[in-house]
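The hints should help you fit chains D and X onto chain E, whose structure is shown.
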Amino acid sequence: MTDNFIETRLRKRYSAEKRFKIYSVSALILALLILATLISSIAISSIPAFTQINIGIDIKMNDDQILQFEEDPENVSWRSLQKKSFYSMFPDVETRKDKKELNKLLSTGAYIEIKKFYLDNPNKLSDNNIIYVPASDDVDLLIKDIIDRDLPQDMRTISDNQISYLDKLISNNRIKKTLSWRLFSNSDSREPELAGLKGGIVGTLLTMFVTLIISFPIGVLAAIYLEEIAPKNKFTDIIEVNINNLAAVPSIVYGLLGLAVFLNYMNMPRSAPLVGGIVLALMTLPVIIIATRAAMASIPPSIREAAYGVGASQMQVIVHHVFPLALPGILTGTIIGIARAAGETAPLLMIGMMAFIVDVPSKITDKATVLPAQIYMWANNPERSFEYLTSAAILILLVILIMMNLLAILLRKKYERRW
Amino acid sequence: MKDVGSMIPNQYKITTSNVNVDYGSKRALHDINLQIEEKEVTALIGPSGCGKSTFIRCLNRMNDLIEGCKVEGKIMIDDVDINSSDTDIVELRARIGMVFQKPNPFPKSIYDNVAYGPRIHGIAKSNEDLDNIVMKSLKRAGLWNEVEDRLDASGLSLSGGQQQRLCIARAIAVNPDILLMDEPCSALDPIATAVIEELINELKERYTIVIVTHSMQQAARLSEKTAYFHLGKMIEYDVTSNIFTNPKHEMTEAYISGRIG
Amino acid sequence: MLLGLSFVSYFYGKRLIRRRVYEQKISQHSRDSYHGLYLSLYLIIPSVILTLIWLASSPNIIDSLLKSKIKNSFPDLSLGEINILKSKVISAYDGILPVDSEQMEMLVNFYNSANIISTNFLIIISALVSVSFFLFALNRIRVRFNARSKVENILKFSMILASCVAIITTIGIVLSLIIETIEFFKIIKITDFLFGLQWSPQIALREDQVAGEGLFGAIPIFIGTILITLIAMFIAVPIGLLSAIYLSEYSKPKIRAIAKPMLEVLAGIPTVVYGFFAALTVAPLLRNSGASVGLSLSSESALAAGLVMGIMIIPLISSLSDDVINAVPQSLREGSAALGSTQSETVKLVILPAALPGIVSAILLALSRAIGETMIVVMAAGVAANLTFNPFESVTAVTVQIVVLLIGDQEFDSAKTLAAFALGFTLFIITLLLNVLSIYIVRKYREQYD
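Residue numbers (my numbering), protein chains in the order written: chain E, 1 to 419; chain D, 1 to 261; chain X, 1 to 450.
Don't read these hints as lab results, they were simulated from the structure.
Accuracy of the hints is not assured; some may be wrong.
[Stated by the list, open to error] Now the in silico label distances, taken between C-beta atoms and shown as ranges:
hint, chain 1, residue 1, chain 2, residue 2, range
1, X, Lys252, D, Thr245, 47 to 53 angstroms
2, D, Asp78, E, Lys12, 23 to 29 angstroms
3, E, Lys234, X, Phe157, 18 to 24 angstroms
[What the hints assert, rightly or not] Pairs of lysine-lysine residues, derived as DSSO-like cross-links and limited to a Cα-Cα distance of at most 30 angstroms, are as follows:
hint, chain 1, residue 1, chain 2, residue 2
4, E, Lys21, X, Lys348
5, X, Lys260, E, Lys414
6, D, Lys74, X, Lys186
7, E, Lys367, X, Lys88
8, D, Lys125, D, Lys204
9, D, Lys26, E, Lys413
10, D, Lys74, E, Lys18
11, X, Lys260, E, Lys413
12, D, Lys70, X, Lys260
13, E, Lys367, X, Lys86
14, D, Lys26, E, Lys414
Where a beta carbon is used, it is the ideal one built from N, C-alpha and C, also for glycine.
In isolation and in its complexed conformation, chain E is listed as follows:
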């Protein structure tokens, strides 16, 4: 064996070492890069959804309308008030067809803003007011430069005439860009410029409430029993294997369970947070049980022995010592489980929680949808504005979920104890 031989071999081994290290570090970088791409691509495409374009209309009510308003605001024909006032800003537009085109610049829900304005400011009934109402989604996209105005007319969803009206509005300073607070204050709508997430957010909260009050007590009680009390026998062994398996059952199967048992057999209401919450609770249960058991197993036996030593009963040991010490770990596991449930969509599709629902649910038996299901529905919407809205909704969902996870991490950091 010559020195030369050893040296070449060594060199080969070192370059293999280097190569391997490069492979593994690039795998990690790739994974993180994908995460960055995913989040940034969604963040970027959500930007247009966070602002909205409003068009100012000069409105003055005539005496009849004021009288009608004072009788009952519902009596006023808000739509015609909106149309007439808007048309009078464009005296040149005469034909029905052109007027129709002109009106299409405004959102179909524009009159609601006008009504709201007068309801909020009854002292301005007889004034000349400039009221800003949402523009239609095509106008919105055009002003945000997403629709290219230089394209030939038949390749865009907005006509040359409409662009000329818009230019006039712009030069008259009647276009205003505002933050889209309606994302939080409106519920779902077919019109992208009116659609908001309130229904989904409230639905998610209601569903998570049901999930939490079912899965937390049952999960913790079951975990305490299995970890602290249960004798080691066939029965408890079966339960254990069972829980491990349940943790890995695909979520859609839970949806089938909900459909067959809760909807068809028990006749519970469809699309309701009650059923969604129960299904997600069953899905979260194994997560909470496993986390709780891990938290309790990490408490050293010396603590238990000390408590038994002063004559505490088994329950007292658990209630006074083991449970409080394990609580941070239990809460961490619960938060992570609930966060996962809050992002879950598939089982809810099975029990009808993805219907188009305009009303904000107020109790757990109302028809409702949840945030992820709303994202799914919006993503299927062909209109371009919904693409940005979907991204915005995802961003909001992610912020909520990441905050929940951060809370869990902080909790763990703060109360983590090494025995």
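Positioned in the frame of chain E, the structure of chains D and X alone reads:
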């Protein structure tokens, strides 16, 4: 220290001068100066936490694996400073075998355990060559007769003492000239310990052996020279019989008479 | 109200026992609060259980009452017409439909009064039950009464019940899937389902057509799922495993402290987000880059779905393999390093073989997650069942078909909806087997080092 040095002939296998080791901000070894002679057994003794294991791990730079561990000073092996940046750590460790406190055979067959070193270093030219190396190493480690007919069995299926001898075979299969042993018998029963001790006595014909032990009797039985460590300092280093019959330092005496430790 | 009452009874029990101790001058067996708890639990638990049972069963009872009422009033209606009329009445009661006829009004009134009677009945019964249990408990309280162990037994019993929920859930899943699946196999032969090469359930929907042979052949969707899953594993296993190796063997603690939570974030992203990412970003990207090299990709290609599913699986594989790699004893690393191996040799020749069972089980878990994943494939894969292995073409998956079959029409008599349950059952069995296998491997592997 000087008089100890003058006692020993000039050609040393290992010479350390002013070796300091820090774990983070805590100093584990203070100024260790030691000369180790070729083809002898040198024992390191002392109460637990005295730094003897840290020291032996300096000799093949195992401390590099520990986060926040810093080694200063010169360690010359065959007149080459192993801490210099020129030293190739892979080559160095191939020349210095190490046996650990707890037997740690790889979860592979007995054959593959012994063949592991020769394979990675490309020592064997052919399969027959490799078979030979494995056989020779197992024979030298005194394990051949026991495992001859089940080389394919897992290394983990052996008893504790056999596992430790397997680890010795694994170390000598690479053809090192120094063997470091970090309390090789502490996890073994007395019978297995006796077998290993006998083996060490045979091995010193070929290898320079540095052994850390918590048993004074073992040091007395096995070694030519003994160093006594206490709280990160080397207190005394001398011919073994001198250490045990006529210690110069009162702390050494206190330790071997059982008053501290 | 019940809660308030139980609070009151708690304090009442506490005071009662204190007074008795004072009067009788003997030391009590259990502390005051246990007596209070004993009383309030006896007050609250029976009525809560009763209410739950009532709520679960009363809609069915009222429903069948309404049905028989309709039958009696209109004896010449067919069963289907009765069902339609029934649901009309219920929607009218909810205020969704107007009450347009006299008969309708009669039925709605009947339904309404049945509901009111049922609610009143529930209130009276549960009040009676509560009071009698409360009196029973009150009667038993003595100074030397062992209230503590009684309360503890109740607690223990409720814990056992809670543990059984897991089993009940499993039984529920298995039963609900099996019953519908058996119904399905009464219509379609099991061999046609498992080995048939054609899947087109929508055609069987047409009125005049009975679901014929071959239409429910599940092979194309199995193949689709396998294809997508394979692509996903092809992406996720190397990236996940190598990142885990880097994190556990090479990286400095600081990098690890940052990168690990980031991977956990990746794991916490809802799958509907991945689905959107697949449909919005990845699929067009693949189609365009495919077009630029002359490949024609379907916009719902298996590749896009598989790729994004792979991304979703990466953190699962990396965190599970990180755990098993860290569980390899440090002494093996030292032993290998002391023989003069480089770090990558240690990893490849010692650590990975030692961690192999754990890694295999992690991959099996990831596989079962990928097979059962729904949203990504629903949003990025196709609906049409093409029998192909070409990753550039559109395929469908088991979960997609379940969603497609069950959304909209959910009457439980058509072969179409039953097929969804048969698919769900297949899915359940496959993932169950993968899990059991993975748990078995892990258990075996643990024994090695214990």
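| Taking only the CA atoms, is the gap from Lys367(E) to Lys86(X) under or equal to 30 angstroms? | Roughly 20 angstroms between the alpha carbons, so the hint for Lys367(E) and Lys86(X) holds.
| Given the proposed pairing of Lys26(D) with Lys413(E), does the C-alpha separation stay at or below 30 angstroms? | 26 angstroms, holds
| For the pair supplied as a hint, Lys74(D) and Lys18(E), is the alpha-carbon distance within the 30 angstroms limit? | Since the Cα atoms of Lys74(D) and Lys18(E) sit roughly 29 angstroms apart, the hinted pair holds (cutoff 30 angstroms).
| Within a Cα-Cα threshold of 30 angstroms, do Lys367(E) and Lys88(X) meet the stated pairing? | With Cα atoms ~18 angstroms apart, Lys367(E) and Lys88(X) stay inside 30 angstroms; holds.
| message | With the threshold set at 30 angstroms, check whether the alpha-carbon distance from Lys260(X) to Lys414(E) stays at or below it. | response | Holds, at about 18 angstroms.
| message | Taking the Cβ atom of Lys252(X) and the Cβ atom of Thr245(D), is their distance within the range 47 to 53 angstroms? | response | Taking Cβ atoms as reference, Lys252(X) and Thr245(D) lie about 50 angstroms apart, which means the hint holds.
| said: Does Lys413(E) sit within 30 angstroms of Lys260(X), going by the straight-line distance between their CA atoms? | reply: With Cα atoms ~15 angstroms apart, Lys260(X) and Lys413(E) stay inside 30 angstroms; holds.
| query | Holds or violated: are the alpha carbons of Lys125(D) and Lys204(D) at most 30 angstroms from each other? | reply | Judged against 30 angstroms, a Cα distance of about 27 angstroms means the pair holds.
| Are the Cα atoms of Lys74(D) and Lys186(X) separated by 30 angstroms or less? | 84 angstroms, violated
| request: Check the following: the C-beta atoms of Lys234(E) and Phe157(X) are separated by a distance inside 18 to 24 angstroms. | output: Hint holds: Cβ distance 20 angstroms, inside 18 to 24 angstroms.
| Holds or violated: Lys26(D) with Lys414(E), Cα cutoff 30 angstroms? | Distance ~27 angstroms between Lys26(D) and Lys414(E) Cα, so the pair holds.
| field | Given pair status - Lys260(X), Lys70(D), alpha carbons within 30 angstroms | value | OK: Lys70(D) and Lys260(X) at ~27 angstroms, within 30 angstroms.
Against the hints set out earlier in the document, a violation occurs for number 6 only.
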